[in-house]
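Student: Sequence:
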Amino acid sequence: MREWEGNAPAKVNLCLDVLRRRPDGYHSLRTLLQTVSLYDRVRIRRRREGVVVRCNWPSLATPANLAYRAAMALKERYGVEEGVEVELVKAIPWGAGLGGGSSDAATTLLALNTLWGLHRPWEELLPLALSLGADVPFFLRGGCALAEGIGEQLTPLHPRARYALLLVKPPLAIETRWAYQMVDEALELFHPDVEAARRALEEGDVEALAAALGNTLEGPVFRAHPLLQRWKETLLAVGALGATMSGSGSALFGLFRSLEEAREAQQRFRQKVAGEVWSCVVEPVFPTPTILAAESDNPRPSNSRRRGGTAPGAGRERGGSGLHSRRGRPSPSPGGRRSRGGRKGSPSGGPPTGSPLRWQGG
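In our numbering, the protein residues as written are 1 to 362.
Keep in mind that the hints were calculated from the coordinates and are not lab data. Nothing here was measured: the structure is a model prediction, and the numbers come from that model. Warning: the hint list may mix true and false statements.
Claimed, not checked - Ranges of calculated distance between the beta carbons of each label pair, as one might list FRET restraints:
{"id": "1", "residue 1": "His119", "residue 2": "Glu188", "range": "19 to 29 angstroms"}
{"id": "2", "residue 1": "Ala274", "residue 2": "Gly239", "range": "18 to 28 angstroms"}
{"id": "3", "residue 1": "Asp205", "residue 2": "Glu81", "range": "29 to 39 angstroms"}
{"id": "4", "residue 1": "Gly79", "residue 2": "Trp278", "range": "38 to 48 angstroms"}
{"id": "5", "residue 1": "Glu3", "residue 2": "Glu185", "range": "41 to 51 angstroms"}
{"id": "6", "residue 1": "Arg162", "residue 2": "Trp122", "range": "41 to 51 angstroms"}
C-beta: ideal position from N, C-alpha, C; glycine also.
Could you put together the complete structure from these sequences and hints?
Tutor: Below you can see the structure in the form of C-alpha cells.
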C-alpha cells in the first residue's frame with residue numbers, strides 16, 4: 001500500500017472539570033470526551049525521503065503542525081528511512097476546542113503504522129501519542145471515554161443516550177494554555193458533576209445529560225470574552241436542552257434530541273446572531289465501519305476509504321502551503337509530552353512522573 005485516505009473526527013467535551021494545578025505545571029482533570037461527525041480529511045502518500053505536510057489552510061503548514069510532528073516522531077522512534085507526504089483538508093476549526101490537530105496527529109500515526117509496515121499494536125503507540133498532546137491518545141480509538149489525570153487515563157464508555165449537537169463558533173480563536181492560566185487566576189470556579197453526566201450517558205437519559213453539561217473553563221473564558229456567554233444563552237433560546245463550551249473554546253454546542261431539531265435550531269440561531277457565524281450539526285460517532293456525515297455549512301470532499309463517513313471540508317484543494325523536512329537516517333528515540341498550563345507540548349520532553357498511560361477496560 002502506497003497511499004491512505006480517511007477522516008479525522010472532531011471531539012467535544014460533554015463535561016470538563018479542571019481540578020487543580022499540579023506541582024509539575026499540569027492540570028488534573030476529569031472529562032467526558034465524544035467524537036462527533038465533523039471531520040478533517042487526511043491523505044497520506046509514501047515518498048522516498050523526508051516529511052512533507054500540505055494544508056488547505058496555509059498558516060497551519062508549519063513545524064508545529066501535529067500531523068507533521070506525528071510523522072517525524074514515528075519515523076524517529078522506529079528508524080524509518082523512507083518519507084511521507086501528509087495532505088490535510090481542514091474542516092474542523094482551529095482554536096475551537098474541538099481537537100482537530102490532535103485528531104490529525106492520531107490519524108497520521110495509525111495510517112503510517114500501516115503504510116510503513118510497522119504494524120505495532122495501538123497500545124504501543126499510546127506513549128508516542130501522548131508525547132504530541134494530551135488529547136492525541138483518545139483519538140487513537142475515539143468514541144466516548146472518561147479521561148482523567150492530565151487526560152491520559154482513559155476509560156471507554158458505552159453510552160445509550162442518543163442526541164444531536166449544534167456546534168457554533170465565533171470568529172475568535174482561544175489558546176489552550178491561556179485558558180488554563182485563567183483558571184489558576186480565578187477566585188471562584190464552577191465544577192460540573194462529571195459522574196452525573198456519565199450516568200446519564202450510560203442510562204440513556206438525554207434530559208439528565210443536558211442538565212449535567214458543564215465546563216470549568218467557561219467562567220474565566222466567558223469573563224474575558226462575553227460574546228461566548230451571549231452565544232450560549234442564544235443556543236438555549238433556540239431550543240437546546242443544554243449548552244456548554246467544548247474544551248478551552250471558542251466553540252460552543254447545544255444538545256438536542258434529534259438531528260431535525262438541531263437543524264431547525266441552526267436556522268434560528270443564524271437569524272438571531274449578527275456577523276460571521278460558523279455552525280455545524282453533528283451527532284456522536286464511534287469506531288465502526290460506518291460514520292454518519294455532518295450537516296455542515298462547508299462543501300464536502302469524497303467518501304472515506306478507512307475511517308468511514310463523509311468529511312465536510314474545503315473540497316479537494318491540493319494547494320496551500322507546503323512544509324518539507326528532509327533528514328538522514330534517524331535513530332529510534334521515545335517522545336516527550338504537553339505544555340505547562342495547557343494541553344500540548346512538553347515542559348520536560350516526557351510524561352510527568354507517576355502519570356500512568358492506559359485505557360481502562362473497554
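Student: Is 38 to 48 angstroms a correct range for the gap between the Cβ atoms of Gly79 and Trp278?
Tutor: holds (42 angstroms)
Student: With 19 to 29 angstroms as the target window, see if His119 and Glu188 comply at their CB atoms.
Tutor: violated (51 angstroms)
Student: I want to verify a distance hint. Is the separation of the beta carbons of Asp205 and Glu81 within 29 to 39 angstroms?
Tutor: violated (53 angstroms)
Student: Please check whether Glu3 and Glu185 have a Cβ separation lying inside 41 to 51 angstroms.
Tutor: Roughly 48 angstroms apart at Cβ, these two residues keep to the hinted range, so it holds.
Student: Starting from the range 41 to 51 angstroms, see whether the pair Arg162 and Trp122 falls in it by beta-carbon distance.
Tutor: Once the Cβ atoms are compared, 27 angstroms apart, the range 41 to 51 angstroms for Trp122 and Arg162 is violated.
Student: Is the hinted range of 18 to 28 angstroms satisfied by the C-beta distance from Ala274 to Gly239?
Tutor: holds (20 angstroms)
Hint check: violations occur at hints 1, 3, 6; the rest are consistent with the structure.
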